[in-house]
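J.: Make the full structure from the sequences, and use the hints.
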Amino acid sequence: VDATNIKKIKINWVAGSVNLRVGSGSEIVFSESSYRNLTDQQKMRYTISDSGVLEIRYCQDLDNIFNWFSLDANMPAKTLTMEVPASLIGQLADLEVETVSAGIDLSGIYGTKTDLSTVSGEIRCTDVATDELDLSTTSGSIVCENSTAKKLEIDNISGSIRAEGEFVKADAETVSGEIRLAFANLPEEIDVDGVSGNIVVALPEGASFTAKLDTVSGSISCAFAGTMGSDLVVVGDGGADYHFSTVSGNL
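Anchor point for the sequence shown: position 84 equals 84 in my numbering, and the numbering is continuous, going up by one each time.
Just so you know, the hints here were simulated from the structure itself, not pulled from any lab data. Heads up, some of the hints might be wrong.
Stated by the list, open to error - Restricting the straight-line Cα-Cα distance to at most 30 Å, the calculated cross-link-like pairs of lysine-lysine (DSSO-like) are:
id	residue 1	residue 2
1	K113	K151
2	K113	K43
3	K150	K8
To be verified - Pairwise CB distance ranges, derived in the manner of DEER restraints:
id	residue 1	residue 2	range
4	G52	S31	18 to 24 Å
5	G52	K151	22 to 28 Å
6	T4	S248	52 to 58 Å
7	S101	D127	24 to 30 Å
8	S33	E189	41 to 47 Å
Note that CB positions come from ideal geometry on N, CA and C, so glycine has one too.
T.: Now the structure itself:
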């Protein structure tokens with residue numbers, strides 16, 4: 001489809017995987033593949049609204065997809081591949097991808113707001129530069145690399161979280177997964193909540209911050225020189241405000 005008037009891309013997928021890459025030309029190119037032949041009802045559908053929203057749906061009757069699964073145990077997993085022209089990068093207002101058991105792999109594609117969510121699939125995104133980056137999953141892992149955002153929000157329940165890049169504000173939450181955050185800049189705010197997983201944060205040299213840990217049995221350690229207590233670290237002028245909460249995980 002012609003990318004000229006596209007302001008938002010919205011993808012609703014169920015099973016398989018979703019892959020987004022930077023392409024060439026002036027068109028958004030997308031296709032699906034499966035391990036077996038698809039019936040017409042099982043093939044994806046897409047619409048373009050007058051307001052410039054390109055929406056891609058997993059199948060014809062997505063609203064009743066779970067009835068489909070109960071009636072047709074052979075509903076196939078499908079791979080959606082999309083290429084977005086470089087001319088559209090940074091011009092999108094929103095990029096939204098929602099899946100059930102499909103993994104999401106995004107590289108170099110983003111909107112002013114970028115939202116990736118799945119139930120049991122893995123999320124991987126690289127080379128993203130956006131105002132708001134929201135990544136969420138229930139049981140899958142989340143990996144974010146070489147990305148920039150004014151606000152980063154990541155949450156899951158049992159999968160691990162790893163994010164690397166430049167973020168002004170970062171908020172991460174998990175129950176049993178480990179959280180690893182590596183910042184190329186000094187964030188203004190970091191807020192991390194966990195239960196049993198450890199929290200590892202890497203900051204650039206010369207960082208000044210105050211880090212507070214609320215925990216039941218976890219401990220805090222810091223490689224920066226500063227004032228350190230059992231649940232508090234102050235480094236430099238202590239300007240940046242970081243808060244961490246865990247039950248048994250260490251920081």
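J.: Which of the numbered hints above does this structure break?
T.: Hints that this structure does not satisfy do not exist here, as all of them hold.
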